[in-house]
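Based on the hints, put chain G in the right spot on chain C.
Number of protein chains: 2
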Amino acid sequence: MGGDHGPQVTVPAAKKALEAYPDLELVLVGLEDELNRQVQQHSLQGEKRLRVHHASEIVAMDESPAIALKKKKDSSMRVAINLVKQGEVDACISAGNTGALMATSKFVLKTIPGIDRPAICTSLPTVTGHTHMLDLGANIDCSAEHLLQFALMGSVLAESVDENPQPSIGLLNIGSEAIKGNEVIKQASKLIEQTSLNYAGFIEGDDIYTGKVDVVVSDGFVGNVSLKTAEGLASLVNTVLKSEFKRNLFTKLAALIALPVLNRVRHTLDPRQYNGASLLGLNGIVIKSHGSADIDSFSNAIKIASIEIDKSVPARIGKEIQRHFQPQGDTTA
Amino acid sequence: MGGDHGPQVTVPAAKKALEAYPDLELVLVGLEDELNRQVQQHSLQGEKRLRVHHASEIVAMDESPAIALKKKKDSSMRVAINLVKQGEVDACISAGNTGALMATSKFVLKTIPGIDRPAICTSLPTVTGHTHMLDLGANIDCSAEHLLQFALMGSVLAESVDENPQPSIGLLNIGSEAIKGNEVIKQASKLIEQTSLNYAGFIEGDDIYTGKVDVVVSDGFVGNVSLKTAEGLASLVNTVLKSEFKRNLFTKLAALIALPVLNRVRHTLDPRQYNGASLLGLNGIVIKSHGSADIDSFSNAIKIASIEIDKSVPARIGKEIQRHFQPQGDTTA
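Sequence lines, in order, name chains C and G. For the record, in the first sequence the residue sitting at position 6 is 6 according to my numbering, with numbers rising by one throughout. For the record, in the second sequence the residue sitting at position 98 is 98 according to my numbering, with numbers rising by one throughout.
Excised from the complex, chain C in its bound form:
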């Protein structure tokens, strides 16, 4: 029900995902009447792999996470997460209020033993492909141990979804020399160095998009500012491109000729391809879609969920954390 567009986007996105993935089964959680209307509108009423599960309340996009958690026990968000907890579904996907999704997921599913706080992780385009970045805003103040946990989780994610046996990990800092950065960053670097992770050391903001590393680790404040900065700059470039191509008859003609190329550029960098951030560290899979997601974007978030189900990402994170923190245990698994 969440996001800027609600079931008008999520239901056709579900249809698209069902068509693309023949093994996929989906449960639409929310106001029954509204969902059924959309299901009919998209001729999905006979679809055996889709069902509607009623939830009477909706968490507003600007609602306080604490209030959503306490007062809205029958919200679509809460009910969907409950279904994950009960094992009725394997993942929850939401375009709703990020803070409420994080708080509710943490409350209902709890974190994996050894993980203090879940982190938000998304993939971003790079010169060579893509990179995974976390945390993107769930954790404002982080300790060195939290950053270490993010590194472990990011590594498992990249290993699982990219089938990359040794993903490289970079710690976001303001200088690549070891002398720079604050105490938390320096301490985190020492902790990550002691693991068996493929640690590449400090990286700077401009390294995110070069593909220098497969996983970028930062606290949620810095990660969020970095992500939003990139969104802002991309939008500025887009605005300037459009305005320059509209300048006169010649430039409009040039635009027409350059359009196929510009569309390919747009496609390569299209944030919709990357929509779907993972809430890592929970006993279950929860994927956050951008609130403004369109049909393509939201169906991409469903795709990410289905990959993480296939790869049993939470179980793998649990195993990696256990291996790391209890080296006397079974390390050969």
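Simulated from the structure, these hints should not be mistaken for laboratory data. Any given hint could turn out to be false.
If chains are identical, the list can't say which one is meant, so a pair holds when it fits in one copy or spans any two.
Each computed BS3-like pair below joins lysine-lysine, with the alpha-carbon atoms no more than 30 Å apart [as the list claims (entries may be wrong)]: (1) K71 with K180; (2) K48 with K303; (3) K180 with K85; (4) K186 with K71; (5) K106 with K186; (6) K48 with K242; (7) K319 with K242; (8) K106 with K180; (9) K186 with K70; (10) K246 with K70; (11) K311 with K186; (12) K212 with K70; (13) K212 with K252; (14) K242 with K252; (15) K311 with K16; (16) K106 with K71; (17) K48 with K311; (18) K190 with K70; (19) K303 with K85.
Then chain G, alone, in the frame of chain C:
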């Protein structure tokens, strides 16, 4: 002498600036022989508004600021800053080691009374023009009071160089709602609200490039990551554009036709136009050029210095700080 290219860039940039600004006088500080050679090469030997001042040492780009400060008392950087201190010149411009420039400037010039730490401030392109952002890396850990000081300094800079009587100030955060952000940010917001500044509240990373505010305030860690992220994304867009336009004969033709437009876009967003970051809060004007600056970029840094001289930026900051912290004093000045 500093930067990636040394006098091969700074001397022709000086020539360009002298041609553009008839009132400008420049002193080239560094290895006399090398500078004189460049002066001759650029036919500047008769130029009355230019002189060479010898300094026997050079601070390396990767040298520790503490060592540069202690051991290299006759470096071109130190000598140039001494000339500011002695009143022989009105500003120092350097493409050298940022940490050493900041440490040496602070040691020699001292900060303006009421300012604890200098901050690095640069202007950035926006949809509507440009914005000023500080701090960009001088101060990793900042208190609320430091952020307040940055807001005051940024406001004075925007007021002076843009002739904007009431520049709007935004505090970079991870959410525009007052509930988000860490304690330092929340406290800083309360402090800035109590001033007479035109405070617009919290902004997010994507607001930097929309032109929502005239001054963006953040701590140096977040500011540096944000700036570098933008550089990285711009470089990715550039790489993808180039590669798509080189794909085949048709796209190469399209590139040829679109080239004038793409060049205009590049020009509008050209970071060289924005080269020259101000070290604000010092008793004197110090401008940091990007190390990789070319002739155009470095001459832009000289231009920024000359504007700040014209507008007496340090004196204005001093007055504003005094007005703010001593309201019983002369507030009508």
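Do the hints match the structure? See the list:
no.	hint	in the structure
1	K71 with K180	between (45 Å within a copy, 20 Å between copies)
2	K48 with K303	within (19 Å within a copy, 69 Å between copies)
3	K180 with K85	between (43 Å within a copy, 28 Å between copies)
4	K186 with K71	between (41 Å within a copy, 26 Å between copies)
5	K106 with K186	both (28 Å within a copy, 25 Å between copies)
6	K48 with K242	neither (45 Å within a copy, 47 Å between copies)
7	K319 with K242	neither (49 Å within a copy, 43 Å between copies)
8	K106 with K180	between (34 Å within a copy, 18 Å between copies)
9	K186 with K70	between (38 Å within a copy, 25 Å between copies)
10	K246 with K70	neither (51 Å within a copy, 56 Å between copies)
11	K311 with K186	neither (33 Å within a copy, 41 Å between copies)
12	K212 with K70	neither (43 Å within a copy, 35 Å between copies)
13	K212 with K252	between (37 Å within a copy, 29 Å between copies)
14	K242 with K252	both (10 Å within a copy, 20 Å between copies)
15	K311 with K16	within (22 Å within a copy, 60 Å between copies)
16	K106 with K71	within (16 Å within a copy, 54 Å between copies)
17	K48 with K311	within (25 Å within a copy, 73 Å between copies)
18	K190 with K70	between (39 Å within a copy, 29 Å between copies)
19	K303 with K85	within (20 Å within a copy, 62 Å between copies)
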